[in-house]
Amino acid sequence: MGEEINMREIKKPAEVQKPHFVLVHGISGGAWCWYKVRCLMENSGYKVSCINLKGSGTDPSDANSIHSFDDYNKPLMDFMSSLTDNEKVILVGHSAGGLSITQASHKFGNKIRLAVYLAATMLKLGFCTDEDVKIRWRRNWHDCQLSP
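Number 68 in the working numbering belongs to position 68 of the sequence shown; there are no gaps in the numbering.
Be aware that a few hints might be false.
The list that follows gives simulated cross-link-like pairs (lysine-lysine, BS3-like), each with its CA atoms no further than 25 angstroms apart [stated by the list, open to error]:
1. Lys111 with Lys47
2. Lys107 with Lys124
3. Lys18 with Lys47
4. Lys54 with Lys107
5. Lys88 with Lys36
6. Lys111 with Lys124
7. Lys107 with Lys88
8. Lys18 with Lys54
9. Lys54 with Lys88
10. Lys36 with Lys18
11. Lys74 with Lys47
12. Lys18 with Lys88
13. Lys107 with Lys47
14. Lys47 with Lys88
15. Lys74 with Lys107
16. Lys74 with Lys124
17. Lys74 with Lys88
18. Lys124 with Lys88
19. Lys124 with Lys47
20. Lys74 with Lys54
21. Lys111 with Lys18
22. Lys36 with Lys47
23. Lys54 with Lys36
24. Lys107 with Lys18
25. Lys111 with Lys88
The following label-pair restraints were derived from C-beta to C-beta distances [to be verified]:
26. Asn64 with Pro19: 18 to 28 angstroms
27. Gln17 with Ala63: 31 to 41 angstroms
28. Val116 with Trp32: 13 to 23 angstroms
29. Glu15 with Ala63: 36 to 46 angstroms
Quick caveat, the hints were computed from the structure, so don't treat them as lab data. Every residue, glycine too, gets a C-beta built ideally from N, C-alpha and C.
Modelling step: build the complete structure from the supplied sequences, incorporating the hints.
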C-alpha cells in the first residue's frame, strides 16, 4: 500500500569562481580611467584590480625618477609578484598598457590566464619591451623632447 520514498541529497552545482582581472592604463592615464568598467565588473561578481604605473594616477613618484620601462612598470611587476603561484589573472592593457602587460606576460606567464590588448600596442614575437619602446619612440616622436 505505501510507497517507499527514496530521499536523495540535492547537491548544488559547484560555484565557478569568476576570474580576477588586472586593468592597466595607457600613457597619461591612471587606474582612475577604469572606474566605470571596474564598477560594472565588480557588480557582476568579478574581482578587479586597477594598477597605477609609476608616476601615473595617484602614484606619488616624481616623473624624473623614472629612467626605464622597468621603473615605469614596477607597480605592475610588484603586483604580479604578490600573487600566489596558483592564482591566475586576466591582464587587460589599453593603449601603451599593452607594452606593460607584454612585459608581465614574459616574466609571469605562469600567473596569467589571458592577456587582452584593448586598442593596445602589441609587440612582434621576439621583441623585448625596453628595445621596442626605444624603437617606437624614435620612429613616432623623432627628436621631440618632453618636459614637466
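Tell me if the straight-line CA distance from Lys111 to Lys124 falls inside 25 angstroms. Holds. Lys111 to Lys124 sits at ~21 angstroms (cutoff 25 angstroms).
Original post:
Does the alpha-carbon distance linking Lys18 and Lys47 stay inside the 25 angstroms limit?
Top reply: 7 angstroms, holds
Holds or violated: are the alpha carbons of Lys18 and Lys54 at most 25 angstroms from each other?
-> 29 angstroms, violated
Status of the given 31 to 41 angstroms range, CB of Ala63 versus CB of Gln17 = The hinted range 31 to 41 angstroms holds for Gln17 and Ala63, with Cβ atoms some 39 angstroms apart.
*Is it true that the CA of Lys124 sits at most 25 angstroms from the CA of Lys88?*
24 angstroms, holds
* Cβ separation of Glu15 and Ala63, checked against the hinted range 36 to 46 angstroms -> About 44 angstroms separates the Cβ atoms of Glu15 and Ala63, which means 36 to 46 angstroms holds.
Q. Regarding the pair Lys107 and Lys18, is the alpha-carbon distance no greater than 25 angstroms?
A. Judged against 25 angstroms, a Cα distance of about 24 angstroms means the pair holds.
Checklist entry - Does Lys111 pair with Lys88 here, judged by a C-alpha cut-off of 25 angstroms? => result Holds, because 4 angstroms separates the two Cα atoms, which is no more than 25 angstroms.
Run the distance test for Lys36 versus Lys18: straight-line Cα separation, threshold 25 angstroms.
Given pair Lys36, Lys18 holds - Cα atoms ~19 angstroms apart, limit 25 angstroms.
* Asked: Taking only the CA atoms, is the gap from Lys124 to Lys47 under or equal to 25 angstroms?
  -> 30 angstroms, violated
Hinted pair, alpha-carbon criterion (25 angstroms max): Lys54, Lys107. Please report holds or violated. Holds - the C-alpha atoms of Lys107 and Lys54 are around 18 angstroms apart, at most 25 angstroms.
Does Lys111 pair with Lys18 here, judged by a C-alpha cut-off of 25 angstroms?
Measuring from Cα to Cα gives roughly 15 angstroms; hence the hint holds.
The structure fails to meet hints 8, 19, 26 from the earlier list, while all remaining hints are met.
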